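Novice: Model the full structure from these sequences, guided by the hints.
Below, each chain spelled out in residue letters.
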Amino acid sequence: MRPGDGADVLVGMLGAGKRFGRRWVVRDLNFSLGAGAMLGLVGANGGGKTTTLRMLAGLLRPDCGAGIVLGHDLSRPNRRMRRDIGYMSQRLSLYPELTIAENLAFRAAVLGLNDRRTTIGEAVDRYGLDGVLRTRFDRLSGGWARRAQFAAVTLASPKLLLLDEPTAGLDVASKRAIWGWLTDFARAGHVVIISTHDLVEAQVCPTILHYADGLAEGPMRPEALIARTGSLDLEEAVLRLAGRPS
Amino acid sequence: MATLLTISAVARVECLRLLRSPTSFTLLLLVPALQILLFGYAIRPSVAAVAVALAGPTAGQGDVVRLARDAGMRVVGHDLRPGGAESLVRAGKVAVGIELPTGPFAPVTAIVDSSDPNLTAAAEARIEAIYWHALAQRNDVADFGPRLRVERLYNPAARADWAFLPALVGAIMMISMLMLGTLGMARERELGTWEALIALPIGRAALIAGKLAPLAVIGALQGVVVLAVGHWVFDLPLRGSVMSLAAILPIFAVAHLALGQALAARARTQLAALQGAVAFYLPAMLLSGFLYPFATLPPWAQRIGELFPLTHFIRASREATLRGGDAGTVLAHGVPIALFAVVMLALSAMQQRVQLD
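For the protein sequence lines, the chains are D and E, in the order given.
Oh and the first sequence: position 187 is 229 in our numbering, straight run, nothing missing.
Oh and the second sequence: position 310 is 311 in our numbering, straight run, nothing missing.
Since the hints were made in silico from the structure, they are not lab data.
Keep in mind that this is a model prediction, so the values were computed, not measured.
Heads up, some of the hints might be wrong.
What the hints assert, rightly or not - On the chain E side, residues computed to face chain D include the following (Cβ under 7 angstroms):
#, residue
1, 7
2, 10
3, 11
4, 193
5, 196
6, 202
Glycine is no exception: its CB is placed at the ideal position from the N, C-alpha and C atoms.
Specialist: Spelled out as structure tokens, the structure:
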């Protein structure tokens, strides 16, 4: 079987892995996702979550196995594939010297959007950025910066959304807002893959991949992992799998 | 006591950080050691490097050739027809041409290329010494022999600032563009904006062109400003094809910007990238003819010097300003700069493809 063989599979990995030098950062990635899927990547630091997201974004090539994203082979990432992917890295990575309006305009131009003014206007309304539109990105608080970054990443309404710890360091209200938007995105038929250390939030995802020592287990429902480990919640389950008492 | 403990703790951490950063450690200790060896052997200016040609009546040339060689100069042409030595100086083939007198009252004329007086000043003094030595050997106080006339081309007053300014345009641009290319890219990588950028549907060529174009314009403007200040404030003559030099400016800027980007793509931090840039521009300044005359470098050092765009830029700049070179002459010096730029652009593009791996 090849990943993505099914007609409705948009993202698929079959035995994919990545190594840096001799060290395998992640191995044996096996999953396939269709439209509307929302997958949470959970597990300890250094488990391979970020590397998985980077491979799916076409920033790293798998060293073994195969992967297909939106019909494109991950061993040959290309520009067309990137047009349909929204990748948000862990760091706040909009241009700090530019205002939010300038950052969004740059994204819209690079993505080749037709009606840039309208698209940007819609994003500004959706994420409530009107008050900070003329503010430099480096002058925003963490919550507003994430909000702006989210707006930039979703500007072209990408078919696949890859987010690396999008709620790290945010207050409860900002976290809720972001998870609300992510759920809306998935409901609208987009594929959403999120790496997170917040295991309470992770349970919003219908399926999760659990990472430990470079091996990914799943996808599975969070409840399945909790039940298999005989834990009370996901946090305890992950701690038990990491060999640490809760 | 507590303060001493604190200082030693901070110092220990700094030492450990340096020791565990192989790039910084190598660049801080190994590169300077190599540079001292390199420059110690390469920078040995001497009159022997000055190429001299002789023209005029054949009789008597043998004595002059012998005297010039005894004085340590490199005689590369003799027995030339009258005017032949001057032609070679004007063509840039030799630095000094000696025209022997063709008539009883004509002087001995030494034509000196003073576009780089650092090179020719010592030779000029040596020629005068030879002249007075020859007169003294005549042992005839009644016959002073032919007069010696020294004719300085391009820079009659042998102004050091005139010699320095055309080269300074290139040196300033080289350092600024290297820094811009290196730090700009290294900062983007540290900030994380680079990762976000390459996740967007932008081709490598478009990315490089978009990044370099505004910086190349700034670099070219910088060159024009330095040249204009040289002209208006220091009276630097603009005798040659300045427009051709202006055409070379953005290419020269791109060459160093692309090199800076390639260095930054390999380096993990801004500091390491910066050290890489310094490791490039120090030898470039020493082996290009900027600080020491190119002709005085040993052949192996000249071969290394030919690799630096600054070497060719200095030649183009002196042609366009002091020497009055035409468009063809000036642009010919731009060809190696353009080749360097192409290689660096290719290198930069390759580095960007693999950089997340």
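Novice: All hints are to be evaluated individually against the structure, with a verdict given for each.
Specialist: Each hint, compared with the structure:
{"no.": "1", "hint": "7", "result": "violated, 31 angstroms"}
{"no.": "2", "hint": "10", "result": "violated, 27 angstroms"}
{"no.": "3", "hint": "11", "result": "violated, 28 angstroms"}
{"no.": "4", "hint": "193", "result": "holds, 3 angstroms"}
{"no.": "5", "hint": "196", "result": "holds, 5 angstroms"}
{"no.": "6", "hint": "202", "result": "holds, 4 angstroms"}
This entry does not satisfy hints 1, 2 and 3, going by the numbered hints stated previously.
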